[in-house]
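K.L.:
Sequence:
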Amino acid sequence: MPGDGEDADRAERLLAIAAEAEPHLWGSTDATWMNRLEKEHDGLRAAFSWFLDHDRGADALELAADLWLFQESRGHAEEARTWLAKALAAPGAEPRSITRARALYGAGILAFRNLDDDTARQAFEECRAIAQEQDYIRLVVRATTGFARLALRRGDTREVRRWSEEALAIARERGEKEDAASPLHMLAAAARVEGDLSRAKAFYRENLALHRELGRMDTVSVELGNLGALAVLEGNLSEAEPLIRESLEIAYKRGDRYVAPYELIWLGRVALGRGNPTRAATLFAAAK
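Quick note, the sequence shown lines up with residues 0 to 287 if you use numbering that gives the first Met the number 0.
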């Protein structure tokens, strides 16, 4: 059919761009790849539909697995969930591959953030099983930490620690320093829920130092924000503000629309604590 060859070439070119971009989405402050994907977004949408319409489920799955973090960071989380669900169910996407595990992890995280815990649990379970079969430690650790996230939402801090400590031990045993991020973060979160702010702070600081060393600025931004939030809760506004501002600056440089609103809210809390409700209202409005 006329045009099919051109459409295939275009879809495959965009698939290659997404694959090249994906490793750069996880930590750099350089928004070059995020911005490029934003410019190509309409074409990427067309490519995803083309792969599904032409029974190329494996390619649709690869594209969805590569792009979900970009989509979430740039305010398209619901689109990412839809893509992942369609791709995971598509003919040709069934093999228990690392690509499928990556897509399942994304589906689990996005379901969790959408308060769909049953879907998240199922996704983390299948992701972990495939990752164990493939000996892909990064996803074993991340999916295991996903169970800790679900436990935290239930308020079961004992289970949070159990899953997080298991994930952390796996990461350290295999020498995967970068993969220690999520379990350390969850151990901090459990301590924070239990009211042990000094212990939470110690975990956040450990994770912050590790990821400054690794250059993983996405995690640096998150943990700076968490340390700033703890300082607000402790009433130490002079300590809180620079931490939150640095977190926000990194989020803006990365074009991260997921993290930035949280930091604006905490800056609003700082303004309230200093008796400036007008500024607080401006910051809260900017976070919407």
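Possibly wrong hints are sitting among the right ones.
[Claimed, not checked] Simulated pairs of lysine to aspartate or glutamate, EDC-like, Cα-Cα distance not exceeding 20 angstroms:
#, residue 1, residue 2
1, Lys-176, Glu-124
2, Lys-287, Asp-52
3, Lys-38, Asp-3
4, Lys-38, Glu-11
5, Lys-85, Glu-164
6, Lys-85, Asp-116
7, Lys-176, Glu-205
8, Lys-38, Asp-52
9, Lys-200, Glu-233
10, Lys-176, Glu-165
11, Lys-200, Glu-172
12, Lys-38, Asp-54
13, Lys-252, Asp-52
14, Lys-38, Glu-78
15, Lys-200, Glu-212
16, Lys-252, Glu-205
17, Lys-287, Glu-233
18, Lys-85, Asp-134
19, Lys-176, Asp-115
20, Lys-176, Glu-233
21, Lys-85, Asp-54
22, Lys-85, Asp-52
23, Lys-38, Glu-77
24, Lys-176, Asp-117
25, Lys-200, Glu-245
26, Lys-200, Glu-164
27, Lys-252, Glu-240
28, Lys-38, Glu-93
29, Lys-252, Glu-21
30, Lys-287, Glu-238
31, Lys-176, Glu-164
32, Lys-176, Glu-125
33, Lys-252, Glu-233
[To be verified] Pair by pair, the computed Cβ-Cβ distance ranges are:
#, residue 1, residue 2, range
34, Glu-93, Lys-252, 25 to 31 angstroms
35, Thr-31, Glu-193, 55 to 61 angstroms
36, Lys-252, Thr-281, 19 to 25 angstroms
37, Gly-174, Arg-198, 54 to 60 angstroms
38, Ala-201, Trp-25, 21 to 27 angstroms
39, Asn-113, Gly-174, 40 to 46 angstroms
40, Glu-238, Lys-176, 23 to 29 angstroms
Please keep in mind that the hints were generated in silico from the structure rather than gathered at the bench.
No residue lacks a Cβ here, since even glycine has one placed at the ideal position from N, Cα and C.
K.L.:
If a hint holds in the structure, say so; if it does not, say that too.
P.N.:
Going through the hints against the structure:
no.: 1; hint: Lys-176 x Glu-124; result: violated (23 angstroms)
no.: 2; hint: Lys-287 x Asp-52; result: violated (36 angstroms)
no.: 3; hint: Lys-38 x Asp-3; result: violated (23 angstroms)
no.: 4; hint: Lys-38 x Glu-11; result: holds (17 angstroms)
no.: 5; hint: Lys-85 x Glu-164; result: violated (34 angstroms)
no.: 6; hint: Lys-85 x Asp-116; result: holds (19 angstroms)
no.: 7; hint: Lys-176 x Glu-205; result: holds (12 angstroms)
no.: 8; hint: Lys-38 x Asp-52; result: violated (23 angstroms)
no.: 9; hint: Lys-200 x Glu-233; result: holds (11 angstroms)
no.: 10; hint: Lys-176 x Glu-165; result: holds (15 angstroms)
no.: 11; hint: Lys-200 x Glu-172; result: violated (24 angstroms)
no.: 12; hint: Lys-38 x Asp-54; result: violated (26 angstroms)
no.: 13; hint: Lys-252 x Asp-52; result: violated (36 angstroms)
no.: 14; hint: Lys-38 x Glu-78; result: holds (16 angstroms)
no.: 15; hint: Lys-200 x Glu-212; result: holds (18 angstroms)
no.: 16; hint: Lys-252 x Glu-205; result: violated (23 angstroms)
no.: 17; hint: Lys-287 x Glu-233; result: violated (25 angstroms)
no.: 18; hint: Lys-85 x Asp-134; result: violated (26 angstroms)
no.: 19; hint: Lys-176 x Asp-115; result: violated (30 angstroms)
no.: 20; hint: Lys-176 x Glu-233; result: violated (30 angstroms)
no.: 21; hint: Lys-85 x Asp-54; result: holds (12 angstroms)
no.: 22; hint: Lys-85 x Asp-52; result: holds (11 angstroms)
no.: 23; hint: Lys-38 x Glu-77; result: holds (19 angstroms)
no.: 24; hint: Lys-176 x Asp-117; result: violated (30 angstroms)
no.: 25; hint: Lys-200 x Glu-245; result: holds (17 angstroms)
no.: 26; hint: Lys-200 x Glu-164; result: holds (17 angstroms)
no.: 27; hint: Lys-252 x Glu-240; result: holds (18 angstroms)
no.: 28; hint: Lys-38 x Glu-93; result: violated (31 angstroms)
no.: 29; hint: Lys-252 x Glu-21; result: holds (17 angstroms)
no.: 30; hint: Lys-287 x Glu-238; result: violated (25 angstroms)
no.: 31; hint: Lys-176 x Glu-164; result: holds (14 angstroms)
no.: 32; hint: Lys-176 x Glu-125; result: violated (24 angstroms)
no.: 33; hint: Lys-252 x Glu-233; result: violated (28 angstroms)
no.: 34; hint: Glu-93 x Lys-252: 25 to 31 angstroms; result: violated (39 angstroms)
no.: 35; hint: Thr-31 x Glu-193: 55 to 61 angstroms; result: violated (41 angstroms)
no.: 36; hint: Lys-252 x Thr-281: 19 to 25 angstroms; result: holds (22 angstroms)
no.: 37; hint: Gly-174 x Arg-198: 54 to 60 angstroms; result: violated (26 angstroms)
no.: 38; hint: Ala-201 x Trp-25: 21 to 27 angstroms; result: holds (25 angstroms)
no.: 39; hint: Asn-113 x Gly-174: 40 to 46 angstroms; result: violated (34 angstroms)
no.: 40; hint: Glu-238 x Lys-176: 23 to 29 angstroms; result: holds (27 angstroms)
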